[in-house]
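There are 2 protein chains.
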Amino acid sequence: MTMDTTLYFITDSTGYEKEEFLNRVEAALRGGVTLVQLREKERTTREYLELAREVHKLTKKYNVPLIIDDRLDVALAAGVEGVHLGQSDLPVDIARKILGKDWIIGATAKTVEQATEAYQQGADYLGVGAIYPTTTKVKTILTSTETLAQICKAVPIPVNAIGGLNKERLDVLEGIPIAGVCAVSAIMKAPDPEIAARELMDAAKKILKK
Amino acid sequence: MTMDTTLYFITDSTGYEKEEFLNRVEAALRGGVTLVQLREKERTTREYLELAREVHKLTKKYNVPLIIDDRLDVALAAGVEGVHLGQSDLPVDIARKILGKDWIIGATAKTVEQATEAYQQGADYLGVGAIYPTTTKVKTILTSTETLAQICKAVPIPVNAIGGLNKERLDVLEGIPIAGVCAVSAIMKAPDPEIAARELMDAAKKILKK
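Just so you know, the sequences run in chain order A and B. The first sequence lines up with residues 0 to 209 when you count with numbering that gives the first Met the number 0. The second sequence lines up with residues 0 to 209 when you count with numbering that gives the first Met the number 0.
Hints listed in this document are in silico derivations from the structure and should not be mistaken for laboratory results. Keep in mind that a hint or two might mislead.
Treat identical chains as interchangeable: a pair holds within one or across any two.
[To be verified] 20 Å max Cα-Cα, derived EDC-like pairs, lysine to aspartate or glutamate: (1) K138 - E46; (2) K152 - D101; (3) K96 - E49; (4) K138 - E41; (5) K100 - D123; (6) K17 - D101; (7) K96 - D123; (8) K59 - E173; (9) K204 - E193.
Chain A with its partners taken away, still in its complex shape (with noise of 0.2 Å):
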């Protein structure tokens, strides 16, 4: 399964009985979402464990890797495709030490300096932000445009921009190199997430192209 970061959707179940949750996902990668993780924190492992063993039925439909937020061991159980890891979370050279080079691994980076230790410590992608404020994560750090840009320059890896982003939110990312665009809410919480994903992608295309 290839890596592809145009459309990463990141999801949230809060508030989704399980049903309505998974029809969610499985709409988002109908609209075509290239990479998708799971994010539980209030979830046991036995249940974390279980919710990724069917989201990751459906990603494998669609051929989209399954990336698991900050557990290890449930990405390990469950045999998705990777982890992602914050700043919280294992240090990213542990988890390629455990995992070995075959698994995808991403990190969270809010500063050059971050981005800069999470590639050479092995990370093959990195989420940066956030570019707006997020109902999602209230506590979080804004990361400046400037400061992405000067990410993008200083690390190889694909770079994708994360945080409050919807389809009339991406303007300011024109003409920053990344890769692609994280989003949580604009798939999940929309009326049909099938119909979001989809003009997102648009939308990311346009600026991805310049």
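Chain A is already provided as a structure; the job is to place chain B on it using the hints.
Chain B in isolation, oriented as in the chain A frame:
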């Protein structure tokens, strides 16, 4: 490092500064605990890993294996000796597949059925309880000493009693072929964890001999 579950100390860092917590863990080791489990529920993965490394320095000094509660990722990253899995954590068979045969894997069981399943899936020891109500896990279900005795008969691996145990309360375990006792508060919150561990060990040896 040989696994000896005679006096299995399960930590609880709640309410302690890190230095005080580590001092108490080392006091327990000086007092003769034979196995240590680090159990953290509120920390980030990075914090859990950092604490695991510090506790591991202590347990290695006393040649006592360190078991990590729930988090196989933290256990792998810290390079400790084992993991302990409850019914809400990873299934034992999956953990065994990931870790291989050299790791210690413990499991919690409250019924003969759970005990048999954990043994068949590859658990090295069982923690069975709660024998008494416990302040550490307020919502826990009690296990009778009859069930404890049945579990000891049903599985050939070491079975430890857990839950509200202290040196005055071990009498109810007499005659049951347990391998050892687990203690959290009786050691952790004792005025002197070293003395508490030593006294609990003496009390445990008395009932384990019979």
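Hints, one by one, checked against the model:
1. In the homo-oligomer, the alpha carbons of K138 and E46 lie at most 20 Å apart only across protomers (18 Å), although the nearest pairing inside one protomer, at 26 Å, exceeds that limit.
2. Neither within a single protomer nor between protomers do K152 and D101 lie at most 20 Å apart by alpha-carbon distance, with minima of 25 Å and 45 Å respectively.
3. Taking CA atoms no more than 20 Å apart as the test, K96 paired with E49 passes between copies only; the shortest distance there is 17 Å, against 25 Å inside one copy.
4. Taking CA atoms no more than 20 Å apart as the test, K138 paired with E41 passes in both settings, with 17 Å inside one copy and 18 Å between copies.
5. For the homomeric pair K100 and D123, the shortest alpha-carbon distance inside one copy (10 Å) is at most 20 Å, but the shortest distance between copies (31 Å) is not.
6. For the identical chains of this complex, K17 and D101 are neighbours neither inside a copy (30 Å) nor across copies (37 Å), given an alpha-carbon limit of 20 Å.
7. In this assembly of identical chains, K96 and D123 lie within 20 Å of each other by CA distance solely inside one copy; the values are 14 Å within and 26 Å between copies.
8. For the identical chains of this complex, K59 and E173 are neighbours neither inside a copy (32 Å) nor across copies (54 Å), given an alpha-carbon limit of 20 Å.
9. Within a single copy, K204 and E193 get their C-alpha atoms as close as 17 Å, which meets the 20 Å cut-off; across copies the closest is 65 Å, which misses it.
When each numbered hint is compared with the structure, violations occur for hints 2, 6 and 8.
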